[in-house]
Amino acid sequence: MTTRLPHKFGPYGGQFVPETLMPALDELEAAYVAARQDPAFQAELEGLLRTYVGRPTPLTHARRLSEHLGGAQIYLKREDLAHTGAHKINNALGQGLLVKRMGKRRIVAETGAGQHGVASATVAALLGLECVVYMGTVDIARQQPNVFRMRLLGAEVRPVDSGSQTLKDAINEAIRDWVTNVQTTHYLLGSALGPHPYPTMVRDFQSVIGREARAQVQAQAGQLPDLCIACVGGGSNAIGLFHPFLDDDGVELIGVEAGGAGVETGRHAARFGDPGRGRLGVIHGTRTFVLQTDDGQIADTHSVSAGLDYAAVGPEHAQLRDLERAYYTSATDQEALAALQLLCRTEGIIPALESAHAVAEAVKRAPQLRPDQVIVINVSGRGDKDLNTIIGELGEKA
Amino acid sequence: MTRLANAFDRRPTFMPYYPLGFPTPALSVDVIEALARNGADLIEVGLPFSDPLADGPVIQRATQIALQQGLTVAKALQAVAELRARGVTTPLVLMGYFNPLLAYGLERLARKAAEAGADGFIVPDLPPEEAAEFEAAIAPLPQIRMVAPTTPDERLAAVLSEARGFVYMVSLTGVTGARTALAEGLAEFVGRVRAHTALPVCVGFGIGTPEQAQAVGALADGVIVGSACVRAIGESADPVRTAADFARAFKAALA
Numbered sequence: 007m008t009t010r011l012p013h014k015f016g017p018y019g020g021q022f023v024p025e026t027l028m029p030a031l032d033e034l035e036a037a038y039v040a041a042r043q044d045p046a047f048q049a050e051l052e053g054l055l056r057t058y059v060g061r062p063t064p065l066t067h068a069r070r071l072s073e074h075l076g077g078a079q080i081y082l083k084r085e086d087l088a089h090t091g092a093h094k095i096n097n098a099l100g101q102g103l104l105v106k107r108m109g110k111r112r113i114v115a116e117t118g119a120g121q122h123g124v125a126s127a128t129v130a131a132l133l134g135l136e137c138v139v140y141m142g143t144v145d146i147a148r149q150q151p152n153v154f155r156m157r158l159l160g161a162e163v164r165p166v167d168s169g170s171q172t173l174k175d176a177i178n179e180a181i182r183d184w185v186t187n188v189q190t191t192h193y194l195l196g197s198a199l200g201p202h203p204y205p206t207m208v209r210d211f212q213s214v215i216g217r218e219a220r221a222q223v224q225a226q227a228g229q230l231p232d233l234c235i236a237c238v239g240g241g242s243n244a245i246g247l248f249h250p251f252l253d254d255d256g257v258e259l260i261g262v263e264a265g266g267a268g269v270e271t272g273r274h275a276a277r278f279g280d281p282g283r284g285r286l287g288v289i290h291g292t293r294t295f296v297l298q299t300d301d302g303q304i305a306d307t308h309s310v311s312a313g314l315d316y317a318a319v320g321p322e323h324a325q326l327r328d329l330e331r332a333y334y335t336s337a338t339d340q341e342a343l344a345a346l347q348l349l350c351r352t353e354g355i356i357p358a359l360e361s362a363h364a365v366a367e368a369v370k371r372a373p374q375l376r377p378d379q380v381i382v383i384n385v386s387g388r389g390d391k392d393l394n395t396i397i398g399e400l401g402e403k404a
Numbered sequence: 035m036t037r038l039a040n041a042f043d044r045r046p047t048f049m050p051y052y053p054l055g056f057p058t059p060a061l062s063v064d065v066i067e068a069l070a071r072n073g074a075d076l077i078e079v080g081l082p083f084s085d086p087l088a089d090g091p092v093i094q095r096a097t098q099i100a101l102q103q104g105l106t107v108a109k110a111l112q113a114v115a116e117l118r119a120r121g122v123t124t125p126l127v128l129m130g131y132f133n134p135l136l137a138y139g140l141e142r143l144a145r146k147a148a149e150a151g152a153d154g155f156i157v158p159d160l161p162p163e164e165a166a167e168f169e170a171a172i173a174p175l176p177q178i179r180m181v182a183p184t185t186p187d188e189r190l191a192a193v194l195s196e197a198r199g200f201v202y203m204v205s206l207t208g209v210t211g212a213r214t215a216l217a218e219g220l221a222e223f224v225g226r227v228r229a230h231t232a233l234p235v236c237v238g239f240g241i242g243t244p245e246q247a248q249a250v251g252a253l254a255d256g257v258i259v260g261s262a263c264v265r266a267i268g269e270s271a272d273p274v275r276t277a278a279d280f281a282r283a284f285k286a287a288l289a
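Respectively, the protein sequence lines represent chains A and B.
Under the working numbering, the first residue of the first sequence is numbered 7, with each subsequent residue one higher.
Under the working numbering, the first residue of the second sequence is numbered 35, with each subsequent residue one higher.
Quick caveat, the hints were computed from the structure, so don't treat them as lab data.
Wrong hints could be hidden among the right ones.
Claimed, not checked - Pairwise CB distance ranges, derived in the manner of DEER restraints:
id : chain 1 : residue 1 : chain 2 : residue 2 : range
1  : A       : 160       : B       : 225       : 39 to 47 Å
2  : B       : 102       : A       : 400       : 29 to 37 Å
3  : A       : 136       : B       : 91        : 22 to 30 Å
4  : B       : 243       : A       : 190       : 27 to 35 Å
In this text, a Cβ means the ideal position worked out from N, Cα and C, and glycines have one as well.
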């Protein structure tokens, strides 16, 4: 029962899974520790990130948005330009290469917005792996284009109609599949969530975002940013952006949760923003802040963005919040939709609804800053997948 | 602990699982009483959770109904007290996922569970690495440790070194639910487990018929039957009578 990496983030994290999976987590951790020390693995990953994913993704100076808001200079980290249209590919590719190394042939994945499912299906095709993606039926209805993409890429999409029929239920089903087929199957978890080593491993694979952004902003703006802003569902794009800035004391880090219809309505996914229901708990293998009822049942969540519509937050975010190294706020559905439209019209960029939550926070913060100050927003994905939802929400106004 | 130890006086023991609150809180108490009075040597009393990731469809469905019926940890402990008040002396081990127990409060849980007459806990998402706080809080009640076919020998030694009560041996890699055939290599697996513990070894997951129970009973000290029990009783127009028939049939097969 030795673990080779710290398996907790302060009081958060851990491995709260059935015994059947504990040896698989051990095996995964051992494989990951070996891989990250192996120059050949790192070279293969870096090569594919460059020639297949299209990294480094650009850092775009959003001049018209900055001017419109009348404060800080805003820079956009363009994960929307990564292959498959979101940051999810960074982690899927890293884990996919690890799966090959472990000699497994089959992956299962969960997906909410569909971006991680598409990234998993893509990597499975690239590496010749069998791929099954679990997706809630509510999410299937609102993310049809991604369902077709996954099937086109050769993955099997299995609808999940238990519970709230969204991301958490898809994770339940993916874990049930994994428990059943653990000897042959890897669970390609898509966020910095779940049992150790996933939160650490996913963070490491996503930290390429922050490493690039940190170098790019210094080259382009001549300084480190004053603020880094990212949306937080499970929190993988946020932790990927934040992590390389943790030692830069002057850089404020802000995570934006889904405020849904408004935190006061109870219809949201703001784990940190609702002290009544967002409490320390255990779900999907990890101890963290979880939206739950008084009786410890996991609460139903709401967000216009499927990718943020989840009751728990990655454990490292809970620790960063305790340490006051990162701050967490929320944006409502309406604020995100307004920010999405603003970014479309000022910069010609359609962000994912998830990423629009980060833009919404920048809309609030930029006017309070001076023009010589700098904000980096992680545009974690592109919004094409959300057109149906956006049309439904905005109708003629769009 | 005495009640729990006594359950293994005559082996193999019959250990059905049944969730409180299904199909209604009142009927579930009657069902558990009927199981106890008709041959169950130990009963795993299920507590519902919104996200039962180790359970197959039958128990998922039953426990979702229990949740809709408003079954909470507090009400479950009242139900255990009610069973004791009715004179049920069969060991009752509470089986539920960790978060509702954590939300209820571990110190309060320990006190109320002991007062109610519960005999231990099975928490499928709380492996030994994470269990120290829970096991300290609920002592002297035991947490029953689980082992799986994937558990390697060196890990068996670590998991079982501090095990108490009995060992819950998950017969297969998968979720709960009856299967048409027993898992392969069961005898070898029981042997591997016995090499690391003197506690009774009880086998669960995938056992659905009296014939399967008999085969497992020839190897193990206890036979755990969950989904088949829940399904039979759930489909019945007379759940209490079905529970009695179910328990008698399995007990006879193990006699």
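Each hint, compared with the structure:
no., hint, in the structure
1, A:160 - B:225: 39 to 47 Å, "holds (43 Å)"
2, B:102 - A:400: 29 to 37 Å, "holds (36 Å)"
3, A:136 - B:91: 22 to 30 Å, "holds (23 Å)"
4, B:243 - A:190: 27 to 35 Å, "holds (28 Å)"
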